[in-house]
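From first to last, the protein sequence lines stand for chains F and L.
Under the numbering used here, the residues of the first sequence are numbered 633 to 884, in order.
Under the numbering used here, the residues of the second sequence are numbered 45 to 458, in order.
Derived from the structure by calculation, the hints contain no laboratory data.
Note that beta-carbon positions come from the ideal geometry of N, C-alpha and C, so glycine has one too.
One should not assume that every hint holds.
[To be verified] Within a straight-line C-alpha distance of at most 27 Å, the following computed DSS-like cross-link-like pairs (lysine-lysine) qualify:
hint: 1; chain 1: L; residue 1: Lys192; chain 2: F; residue 2: Lys813
hint: 2; chain 1: L; residue 1: Lys52; chain 2: F; residue 2: Lys861
hint: 3; chain 1: F; residue 1: Lys743; chain 2: F; residue 2: Lys677
hint: 4; chain 1: L; residue 1: Lys411; chain 2: F; residue 2: Lys836
hint: 5; chain 1: L; residue 1: Lys52; chain 2: F; residue 2: Lys840
hint: 6; chain 1: F; residue 1: Lys662; chain 2: F; residue 2: Lys811
hint: 7; chain 1: L; residue 1: Lys370; chain 2: L; residue 2: Lys269
hint: 8; chain 1: L; residue 1: Lys52; chain 2: F; residue 2: Lys836
hint: 9; chain 1: L; residue 1: Lys269; chain 2: L; residue 2: Lys93
hint: 10; chain 1: F; residue 1: Lys726; chain 2: F; residue 2: Lys677
hint: 11; chain 1: F; residue 1: Lys861; chain 2: L; residue 2: Lys46
hint: 12; chain 1: L; residue 1: Lys363; chain 2: L; residue 2: Lys301
hint: 13; chain 1: L; residue 1: Lys455; chain 2: F; residue 2: Lys861
hint: 14; chain 1: F; residue 1: Lys730; chain 2: F; residue 2: Lys666
hint: 15; chain 1: F; residue 1: Lys816; chain 2: F; residue 2: Lys762
hint: 16; chain 1: L; residue 1: Lys411; chain 2: F; residue 2: Lys811
hint: 17; chain 1: L; residue 1: Lys411; chain 2: F; residue 2: Lys840
hint: 18; chain 1: F; residue 1: Lys813; chain 2: L; residue 2: Lys411
hint: 19; chain 1: L; residue 1: Lys192; chain 2: F; residue 2: Lys816
hint: 20; chain 1: F; residue 1: Lys796; chain 2: L; residue 2: Lys192
hint: 21; chain 1: L; residue 1: Lys455; chain 2: L; residue 2: Lys46
hint: 22; chain 1: L; residue 1: Lys257; chain 2: F; residue 2: Lys796
hint: 23; chain 1: L; residue 1: Lys257; chain 2: F; residue 2: Lys816
[Unchecked claim] Taking CB as the label site, the calculated pair distances span:
hint: 24; chain 1: F; residue 1: Lys666; chain 2: L; residue 2: Asn386; range: 53 to 63 Å
hint: 25; chain 1: F; residue 1: Lys714; chain 2: L; residue 2: Lys186; range: 49 to 59 Å
hint: 26; chain 1: F; residue 1: Glu746; chain 2: L; residue 2: Pro81; range: 36 to 46 Å
[To be verified] Stretches of chain F that chain L covers, calculated by requiring three or more beta carbons in the stretch to come under 8 Å of a beta carbon on chain L:
hint: 27; stretch: 783 to 795
hint: 28; stretch: 853 to 865
hint: 29; stretch: 873 to 880
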Amino acid sequence: MSDQKAKAYINMNGALRAMEYLCELDSEAKAFIKEFNIVIQFSVKNGPAARLIFKDGRCVFERGKGKSNIKLYFPSPGHFNKMMDGKANPVILKGFTKIGFLTKNFTYLSKRLEYFLKPAGESMNQPVYKEINTILTFLTAFNSLAEIGMHDPIGQEIMRHDRKGVFCASIAGTGYSVKLKMSKGQIAPVGSSEGAPEMHLDFKDIDKANDLLNGKSDFISAIGFGDVKISGYMPLMQSVELLVPRVAMYLK
Amino acid sequence: MKTYDYTKSRALFNRAANVIPGGVYGHQGPANGCFIPNDAFPYFSERAKGTYFWDADGNRFVDYMCAYGPNILGYCDEEVDNAAIEQVRIGNCVTAPSSKLVEFAEVMVDTVAMADWAFFAKNGGDATSLAIMVARAATHRKKVILVKGNYHGVAPWAQGLGCGGVIEEDISNVLYVDWNNAEQVENLIRQYPGEIACFMSTPYWHGNFADNKLPENGYWQKIRKLCTENGIVLAIDDVRCGFRLDIAGSDHYFGFKADLMCFCKAIANGWNVSALCGVEALKNAVTDVFYTGSYWLSSVPFAAGIKCIEKMKRLGGTKALLDYGKKLGKGLVSVAASYGYNLVVSGAPSLFYLRITDDPSLTLHQKWVAECVKRGVYITNHHNHFINYAMTDEDLKFTLEVADEAFRVVKARG
Numbered sequence: 633m634s635d636q637k638a639k640a641y642i643n644m645n646g647a648l649r650a651m652e653y654l655c656e657l658d659s660e661a662k663a664f665i666k667e668f669n670i671v672i673q674f675s676v677k678n679g680p681a682a683r684l685i686f687k688d689g690r691c692v693f694e695r696g697k698g699k700s701n702i703k704l705y706f707p708s709p710g711h712f713n714k715m716m717d718g719k720a721n722p723v724i725l726k727g728f729t730k731i732g733f734l735t736k737n738f739t740y741l742s743k744r745l746e747y748f749l750k751p752a753g754e755s756m757n758q759p760v761y762k763e764i765n766t767i768l769t770f771l772t773a774f775n776s777l778a779e780i781g782m783h784d785p786i787g788q789e790i791m792r793h794d795r796k797g798v799f800c801a802s803i804a805g806t807g808y809s810v811k812l813k814m815s816k817g818q819i820a821p822v823g824s825s826e827g828a829p830e831m832h833l834d835f836k837d838i839d840k841a842n843d844l845l846n847g848k849s850d851f852i853s854a855i856g857f858g859d860v861k862i863s864g865y866m867p868l869m870q871s872v873e874l875l876v877p878r879v880a881m882y883l884k
Numbered sequence: 045m046k047t048y049d050y051t052k053s054r055a056l057f058n059r060a061a062n063v064i065p066g067g068v069y070g071h072q073g074p075a076n077g078c079f080i081p082n083d084a085f086p087y088f089s090e091r092a093k094g095t096y097f098w099d100a101d102g103n104r105f106v107d108y109m110c111a112y113g114p115n116i117l118g119y120c121d122e123e124v125d126n127a128a129i130e131q132v133r134i135g136n137c138v139t140a141p142s143s144k145l146v147e148f149a150e151v152m153v154d155t156v157a158m159a160d161w162a163f164f165a166k167n168g169g170d171a172t173s174l175a176i177m178v179a180r181a182a183t184h185r186k187k188v189i190l191v192k193g194n195y196h197g198v199a200p201w202a203q204g205l206g207c208g209g210v211i212e213e214d215i216s217n218v219l220y221v222d223w224n225n226a227e228q229v230e231n232l233i234r235q236y237p238g239e240i241a242c243f244m245s246t247p248y249w250h251g252n253f254a255d256n257k258l259p260e261n262g263y264w265q266k267i268r269k270l271c272t273e274n275g276i277v278l279a280i281d282d283v284r285c286g287f288r289l290d291i292a293g294s295d296h297y298f299g300f301k302a303d304l305m306c307f308c309k310a311i312a313n314g315w316n317v318s319a320l321c322g323v324e325a326l327k328n329a330v331t332d333v334f335y336t337g338s339y340w341l342s343s344v345p346f347a348a349g350i351k352c353i354e355k356m357k358r359l360g361g362t363k364a365l366l367d368y369g370k371k372l373g374k375g376l377v378s379v380a381a382s383y384g385y386n387l388v389v390s391g392a393p394s395l396f397y398l399r400i401t402d403d404p405s406l407t408l409h410q411k412w413v414a415e416c417v418k419r420g421v422y423i424t425n426h427h428n429h430f431i432n433y434a435m436t437d438e439d440l441k442f443t444l445e446v447a448d449e450a451f452r453v454v455k456a457r458g
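Sequences are here, hints too, so could you generate the full structure?
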């Protein structure tokens, strides 16, 4: 069973974070935000907080609270989750004069993100679409692992095994990776300054990653085929392999 | 040395993945078996004899995994197989069990020091699950104490929360302690007075991904005393170690007496049977437990088990296995040191565990193991190994030669 608070963290730090990558990968989104100079704060009571910073032609996702032009408040994790499902609206605490940005520009970007994360029809036959879908799905899924480990009750139980080290997942040839650090029962994303990871999980290429992430193949046979390579400090994998199936539960 | 090609293995895997979930699932498959990298390992065998198996591509391996334990006398041991084949011709899985059931139970009771009775099933997990049920039936208590990192099979109670298909209710009565920590056991007994049915452990800690640990002096004696004083059934999972430390049982090896002992793996040299042995005081409790299976009283594995145990006794018990394991471990450590590497060999010599300590990420260790496997010495990355009676000094020499070249290759690559 999914937990609303955990889902909120996953929606914020996994799914919403994907906006940053969308604006890197998708030429349309990139062009769209070129002139933006605005910061949106998302705050969930008893839940996560983060900002989307649109500036200098980029979209940057930052955890936590800070200066913003628009402040969106959600009185509960469940409310935030409904908003992410398109079934509720945020409470606007600041930026009433910028409502137009939310209803038009941000809505456009959200729909663009949804377009790539929810493939329909023959879109997967287009190489550019497939690449963007795969990278966005990969980043959303693996960034969500940390949130599951920290906030999902069963994820927390999995993390009690207290394994230590840095795990890195990547798709070969794309330059995209996710690094997560485990220590003292905690798991958190880390940047490149953390040093060499102790454990690697590498998808062979976009096609193989796409098959796995979209449920067309399974990890067990993918390892057998060499479509996923695992090496290094395997105790970390023992936690990762238990957290991964819970991603699908939250990000159906 | 030539390194192996696995073309046919891979072709078979392609076929397998179409009709079998995961292609090859479980501990013998590339994922759960930690084949790192996967292209260094064969996926399918074609035949086996003695201490060797040949894969689908005809490559020969000196096999230090012994099918993960069952191969104790050597693959296709003629005496054991002849006993089994003779029984095949008489009858195997029949409505009424054969006298072999009685004979095998008598052999187990005569052989295992603590055993007053024997109960047969198929897999080690059948025996461990039965042990838990017997303990609960005997004590009318629910809770079970296990040691972190031990493996007792795949029943939901033996797995952790988060494992596929395991729910909170499956494990809500399972408590965990650290290995070699009798104080934690004592604390749990104090925390749950009159609620603990069973303490189950392997005879020493032989978990994966870490050096194996023998019991500290007096550990088992303390546990035995705690269990006796508090009415807790002491169950030893001897599925992995059984018949490789002491033919009379691993509890006997470590100087204590268990209430229940679980056996599988080496019991019949690969013919499919497991056993739960127990003390007289628990015999009635077993009869209160409804536990049965279609193939459990098949007589062919019984015939094989009778012959297997008889032959192990004839070969002098476990001394040969322990001695070979010591020689091998010493040789491997020496070869590693000659290249400047520190190889740690831990656990009992007949079930040795290997770890190169120079790289904490274990990547260096995985590379060395891969080079050994590609040259015909089948070892594995993060699981203990097994010695069998068919291993010779020639196999040892070959193993050390391969280990040497593997270290040379790994060193050269930096």
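Quiz item: Given a hinted range of 36 to 46 Å, is it respected by the beta-carbon distance of F/Glu746 and L/Pro81?
Solution: holds, 38 Å
Self-check item: Given pair status - F/Lys836, L/Lys411, alpha carbons within 27 Å
Solution: holds, 19 Å
Quiz item: Straight-line Cα separation of L/Lys269 and L/Lys93 no greater than 27 Å?
Solution: violated, 45 Å
Quiz prompt | Pairwise hint evaluation, L/Lys46 against L/Lys455, where the allowed Cα distance is 27 Å at most | solution = Within the cut-off at roughly 18 Å; holds.
Quiz item: Between L/Lys52 and F/Lys861, does the CA-CA distance stay at or below 27 Å?
Solution: Holds, because 21 Å separates the two Cα atoms, which is no more than 27 Å.
Quiz prompt | Agreement of L/Lys411 and F/Lys811 with the hint, judged by alpha carbon distance not exceeding 27 Å | solution = Holds, because 23 Å separates the two Cα atoms, which is no more than 27 Å.
Quiz item: Taking 27 Å as the top limit, are the C-alpha atoms of L/Lys192 and F/Lys816 close enough?
Solution: holds, 16 Å
Self-check item: Proximity test - 8 Å, beta-carbon atoms, the stretch 783 to 795 of chain F to chain L, at least three hits
Solution: As far as the stretch 783 to 795 of chain F goes, the hint holds, because 5 residues have Cβ atoms under 8 Å from chain L.
Quiz item: Taken at face value, is the distance from the CA of L/Lys192 to the CA of F/Lys796 at most 27 Å?
Solution: Given pair F/Lys796, L/Lys192 holds - Cα atoms ~16 Å apart, limit 27 Å.
Self-check item: Given coverage of the stretch 853 to 865 of chain F by chain L, tested with a Cβ cutoff of 8 Å and a minimum of 3 residues
Solution: holds (count 10)
Practice problem: Verify the proposed pairing of L/Lys370 with L/Lys269, using a straight-line Cα cut of 27 Å. | Solution: Given pair L/Lys370, L/Lys269 is violated - Cα atoms ~32 Å apart, limit 27 Å.
Quiz item: Given the proposed pairing of L/Lys455 with F/Lys861, does the C-alpha separation stay at or below 27 Å?
Solution: Holds: L/Lys455 and F/Lys861 sit about 22 Å apart, inside 27 Å.
The structure fails hints 7, 9, 15, 25 (numbered hints given earlier, in ascending order).
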